[in-house]
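There are 2 protein chains.
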Amino acid sequence: MKVISSIKALNNYILSLKKTKKTIGFIATTGALHEGDFSNIIKSKKECDITIVSIFINPSQLFKNEDINLYLNALSCDKKNLKALKIDILFLPKEDSIFPKNYNTYINSHNLSNILCGITRPAYFENFATTMCKLCNIVSPNIIYCSEKEYQKYIILKSMVKDLNLNISIKKTKTVRDTLGIALNSKNALLSSREMLDAPIIYKSLKMAKEYFNEGYNLSEDIINFMKDILCQAVTLKVDYISIVDSETLSELQTATKHSYIFIACYCGKNRLTDNISLK
Amino acid sequence: MKVISSIKALNNYILSLKKTKKTIGFIATTGALHEGDFSNIIKSKKECDITIVSIFINPSQLFKNEDINLYLNALSCDKKNLKALKIDILFLPKEDSIFPKNYNTYINSHNLSNILCGITRPAYFENFATTMCKLCNIVSPNIIYCSEKEYQKYIILKSMVKDLNLNISIKKTKTVRDTLGIALNSKNALLSSREMLDAPIIYKSLKMAKEYFNEGYNLSEDIINFMKDILCQAVTLKVDYISIVDSETLSELQTATKHSYIFIACYCGKNRLTDNISLK
Chain W
187 MKVISSIKAL NNYILSLKKT KKTIGFIATT GALHEGDFSN IIKSKKECDI
237 TIVSIFINPS QLFKNEDINL YLNALSCDKK NLKALKIDIL FLPKEDSIFP
287 KNYNTYINSH NLSNILCGIT RPAYFENFAT TMCKLCNIVS PNIIYCSEKE
337 YQKYIILKSM VKDLNLNISI KKTKTVRDTL GIALNSKNAL LSSREMLDAP
387 IIYKSLKMAK EYFNEGYNLS EDIINFMKDI LCQAVTLKVD YISIVDSETL
437 SELQTATKHS YIFIACYCGK NRLTDNISLK
Chain A
187 MKVISSIKAL NNYILSLKKT KKTIGFIATT GALHEGDFSN IIKSKKECDI
237 TIVSIFINPS QLFKNEDINL YLNALSCDKK NLKALKIDIL FLPKEDSIFP
287 KNYNTYINSH NLSNILCGIT RPAYFENFAT TMCKLCNIVS PNIIYCSEKE
337 YQKYIILKSM VKDLNLNISI KKTKTVRDTL GIALNSKNAL LSSREMLDAP
387 IIYKSLKMAK EYFNEGYNLS EDIINFMKDI LCQAVTLKVD YISIVDSETL
437 SELQTATKHS YIFIACYCGK NRLTDNISLK
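Residue numbers (this note's numbering), protein chains in the order written: chain W, 187 to 466; chain A, 187 to 466.
Worth flagging that the hints you see were computed from the coordinates, not collected in a lab. Please note: incorrect hints may appear among the correct ones.
Any copy, or any two copies together, can satisfy a pair, since identical chains are not distinguished.
With a straight-line Cα cutoff of 35 Å, these simulated DSBU-like cross-link-like pairs (lysine-lysine) come out [to be verified]: (1) Lys444 - Lys287; (2) Lys444 - Lys194; (3) Lys360 - Lys287; (4) Lys373 - Lys424; (5) Lys466 - Lys194.
All figures in this text were calculated on a predicted structure; none of them were measured in a lab.
From just these sequences and the hints, can you work out the full model?
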């Protein structure tokens, strides 16, 4: 595994790869890696000649009271894990090489970034899309792997790549969960033992909502109230939003269909957890 | 000269060029071409193996009462001129292939697009940067030629290419003027004979302001008032704005320096004319 920090050095390496027609799989992460990231890496190693992983986080991507040290402290452990997985390149750019002084250009996904999780986190998806556009141009991947857990990011990325005529395919991978059903996320490590008892109820409510839908109940309002009744039993959970949306446009639906997703964000103590389920 | 309308067909052609390491020079236009465009094309033909010209305009790029037919009606004449100049490819995409239904992703050049001409035309530079980002990805040029006449566009493009890590060099070329000194622009054809008498005073005021600066007067307010005194003699001219800015950041300056540009936009009858001068 090569560790590369300089954009220029990575560019030169990528140019030499492109000459040999090697295909590149790319997994963009913020660090504090978990089984969900590893599963994307294993998929890329199967499907592509070269697998590149980036670890990059800038403070504006963090949520309110979130601590960047969660990610920074994990770096040596992340490196060990990536080495064991035999990835080809770990791209580890410095913040000021990605967003230098006088940085000016931002990517806005008009109708996709100001909804769902974008309501609570207004600049978050602009920051995400901008960083991803830059990483796409630096890494020139053939395939980017993106977990279904981050479905709004997946749709923004898919839309950006198509809209800006980038010749990259975006592959959605299955959400990896722990034995209790909690969708894996770096921030799960911050849950208290009490919160760990409640967190699985988020996914339980999604699964039960899907069963409810399959029984013939398709009004979004009914499905959401059905979920809220389940979630209110958990003391440490506070629903931020539940929304039923079209799987492509992410626009909110009054009536759910097989092509819908249910999105949920819950505060679990101080932590904000998100999850989703396809109704297909 | 090949005329290509399909993005996919152009992509395939570009891929074959890249294999032979041919360098690509690119001139993006909105059509109704003039000597300023031709001069960029001749430069590209000298410096690059392949010269590609695009003609693309979408209605949101037009100013208020501006008529798109000015550009559309010029197409057969443009084609003849480009053929005579022996360019390699004319890229002529349809509007709905560049901005299809459900298009979502826009490029915003935060501090560069909402100033100078961006004040009167708020969405114009977002539209320009987005179109140029798409054309950069489709055409993959080595060099883009951009006239100094469009200095704000030049700076936005230079900043976008650097910020988004596109491996393209942006070359600024000298503004081409008619014998009276009017900066060439497709819209000059719409000037009445009375307006044609006044329009040269715009550049005259810029040249005299530069002389005034060289005599030691460097307060922006003084220079601007000096220009306004010259311009008010022309009956059909109405100043939209005059601004003295830093040549890199485009931020407004109270005191002009050798690294400043003077920007001017004037209404000449119904037409809005722009021009600029470097104080170097």
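Hint check:
1. Lys444 - Lys287: between (47 Å within a copy, 23 Å between copies)
2. Lys444 - Lys194: Intra 46 Å, inter 33 Å, cutoff 35 Å: inter-copy only.
3. Lys360 - Lys287: between (38 Å within a copy, 29 Å between copies)
4. Lys373 - Lys424: within (17 Å within a copy, 59 Å between copies)
5. Lys466 - Lys194: Result: close only across copies, 33 Å inter versus 44 Å intra.
Against the hints set out earlier in the document, no violation occurs for any number.
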